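Q: This is what each chain is made of:
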Amino acid sequence: MAVPTLDTAVVDELVAICGEENVLTGRSALFNRARVPAPFPLHRWEQFTPQAVVLPTSTEQVSAVVKLANRARVPVVPRAGATGLSDGAVPIRHGILVDVKRMDKILEIDVDDRTVTVQPGINMMKLSQRLQPLGFIYPDDPASYPCSLVGGRIGTSGFSLISGRFGHTRDLVISFEIVLPTGDVIRVGDGGGRKIRKSSSGYQLKHLFMGHQGTLGIVTEATLELVTRPEAEFSAFFSYPSYLDAWRATGEFARSGLATLAGVVLFDEQKVAYLRRDDEAWIPAPDWVKSITAVAMYGQKDEVRAGAKQIMRIAKANGSTYAGDEVSQGDWWSRHDRYATPLHGRTRSGQAVLMSWHCEDAAINHSQLPAVREKWHWIVDDLRRRFDTFDDWGMFSYTNGAFRPGGDYLTEIDVGIWEQRYDEEMWAAWVDAKREIARVAIEHGGSMSSCHGSCREGEVDLLPLELGGGFDVMKKVKRVLDPNNVMNPGKYLLDQAYEEEA
Amino acid sequence: MLGFRLSAQRPPAEHRRISDVVISRYEHVYEVDPRLMQEHVRQQSLPEWDFHRIIENRVEHLVWMQQHFADSVISGDDLIRELEQEGD
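Top to bottom, those sequences are chains A and B.
At position 366 of the first sequence (counting the first as 1) the number is 1230 in my numbering, and the numbers step up by one without a gap.
At position 16 of the second sequence (counting the first as 1) the number is 18 in my numbering, and the numbers step up by one without a gap.
What the hints contain is simulated information worked out from the structure, not anything from laboratory work.
The model shown is predicted, which means the values in this text are computed figures rather than measured ones.
Glycine included, C-beta positions come from ideal geometry on N, C-alpha and C.
Some clues are possibly wrong.
With beta-carbon atoms standing in for the labels, derived distance ranges [unchecked claim]: (1) A:Trp1152 x B:Tyr28: 22 to 30 Å; (2) B:Arg19 x A:Pro1328: 49 to 57 Å; (3) B:Gln46 x A:Ala1292: 30 to 38 Å; (4) A:Gln911 x B:Tyr28: 41 to 49 Å; (5) A:Lys1180 x B:Tyr28: 31 to 39 Å; (6) A:Asp1296 x B:Arg19: 39 to 47 Å; (7) A:Asn896 x B:Asp52: 24 to 32 Å; (8) A:Asp1325 x B:Arg18: 50 to 58 Å; (9) B:Asp52 x A:Ile1050: 50 to 58 Å; (10) B:Val43 x A:Asn896: 23 to 31 Å.
This is chain A alone, in the form it adopts within the complex:
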């Protein structure tokens, strides 16, 4: 299927707005911006390519591009780091792709009011490197920390691994500027002040535009928390003879009430079995080790030390076995590696095969984790029985609550996928499995995504089920803010908003 060509007059106008060097129409530029790391139907790549890519450098340019898209009725799709595991940045209706990577400047560092204001194309690791000499850090810490960008984090309302101490993206972003689908520019926060953390003035619009997956506009500037860099880190990994032992211990660590507690992670039995074939930390673990928990703490040295000592007391009381400093420290430091390393899948006969990593995530309460785990593994096992192109890589559960962790968990099942083998039958089976994984999460009182977003083929069908009447409000908001349905159309079932109007 050939990609439809964009009207030459539209391309000329894009060049006039952004400059010739910032408008790309070559095949590689378009094809490289079609997909994200989420499972992608490689056999239908051309269905998802944009018709033109623009790399703006200012809010004014973004606004002008969006106004042009409205006038020409051409879809416009924002894209930041393109590391998302939902399809927010995938241009499923072609159109103009706005890549914000050249908007990567730090605009202001305000030590007195403890804020840093940036453009959306800056990466968190690079930002923290700039802040380090001043004694600060920006601790929004997803697995994609070295490669995802601030704009994308707002677009997905991202999850941070150390949110128990520092909060998630929604907590670390104080306010931001956004170009609406009509091209108008507004600033949203908690009330009106750019650097105000709490206000009771008007609707809380920051949260409306947090996690919109590019359907409500393009973020062009953000004011972020400037967080004092921790003096000390403590990470401890503990071993257990069964999942249920580790699950109970996870709850006890999370209930400790320690202010320095940044997160607790639970590895299930299939995850440990997977790590035993490829991960240097767990290959030599004794056979009795079936499940693992990890605890991470950050803060000033004195408070982390006192808190860590308390964690060790809890661990002793609940029968946890400490894995030692080498494993504990090294494994925590490698928490971002899944985005950077090729991973070995296995066929049913045990042969190594390069598979893409994917994780389906949901937010699940602690009490429901064992039941959800059983159902999710059944779904993925069934997929593997039918297709020798999927591999069950086990489950992680991470404390999900900001500042008060432990009541619910970002729970993910990691699936290896041999993507080169995709055909329509395999793709359809995968989409069905994703939908069933999401359905289990909802049936157990959870949300079908804590981290990635839920706008992908499969689980998106269940969005009205999860949100109820809230989904009708979503459609009304979309129609009011985007009257021509040009802003990332086709996502989140929001086309329904316009069908009902017609």
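For chain A, the structure is supplied; the task is to place chain B on it using the hints.
A: Same frame as chain A, but now just chain B:
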């Protein structure tokens, strides 16, 4: 042209079996059993110096990542010893 020749290097160390699916030739360094890399993913011949360079770079990266987030690391082993001395 001067350059490293794979055939000129010393033979790699003998491996020992760690599990049904893993072997090891150097302390704390594990490799997928070559028998599992026959059909879809073939093992490459890698000079030993390059093999060690990759491992050392990874360790350097992990230490850098820790120092990026905090100045120091609290040792769990030390805390356990401390608690035992305190009779806790």
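Q: Each hint: holds or not?
A: Against the structure, the hints come out as follows:
Here the CB-CB span from Trp1152 of chain A to Tyr28 of chain B is close to 26 Å, well matched to the stated 22 to 30 Å. Range check, Arg19 of chain B to Pro1328 of chain A: Cβ separation about 54 Å, and the 49 to 57 Å hint holds. A beta carbon spacing of about 36 Å between Gln46 of chain B and Ala1292 of chain A agrees with the range 30 to 38 Å that was offered as a hint. At about 47 Å, the CB distance of Gln911 of chain A to Tyr28 of chain B agrees with the hint of 41 to 49 Å.
At roughly 35 Å, the beta-carbon separation of Lys1180 of chain A and Tyr28 of chain B lies within the given 31 to 39 Å, and the hint holds. In this structure the hint that Asp1296 of chain A and Arg19 of chain B lie 39 to 47 Å apart at CB holds, the actual value being about 40 Å. For the pair Asn896 of chain A and Asp52 of chain B, the beta carbons lie near 29 Å from each other, so the given range of 24 to 32 Å is met. Checked against the hint of 50 to 58 Å, the C-beta distance between Asp1325 of chain A and Arg18 of chain B comes to roughly 51 Å, which is consistent with it.
Checking the proposed 50 to 58 Å range against Asp52 of chain B and Ile1050 of chain A shows it holds: the Cβ atoms sit about 54 Å from each other. Between Val43 of chain B and Asn896 of chain A the beta carbon distance is about 25 Å. The supplied range of 23 to 31 Å therefore holds.
Of the numbered hints given earlier, the model fails none.
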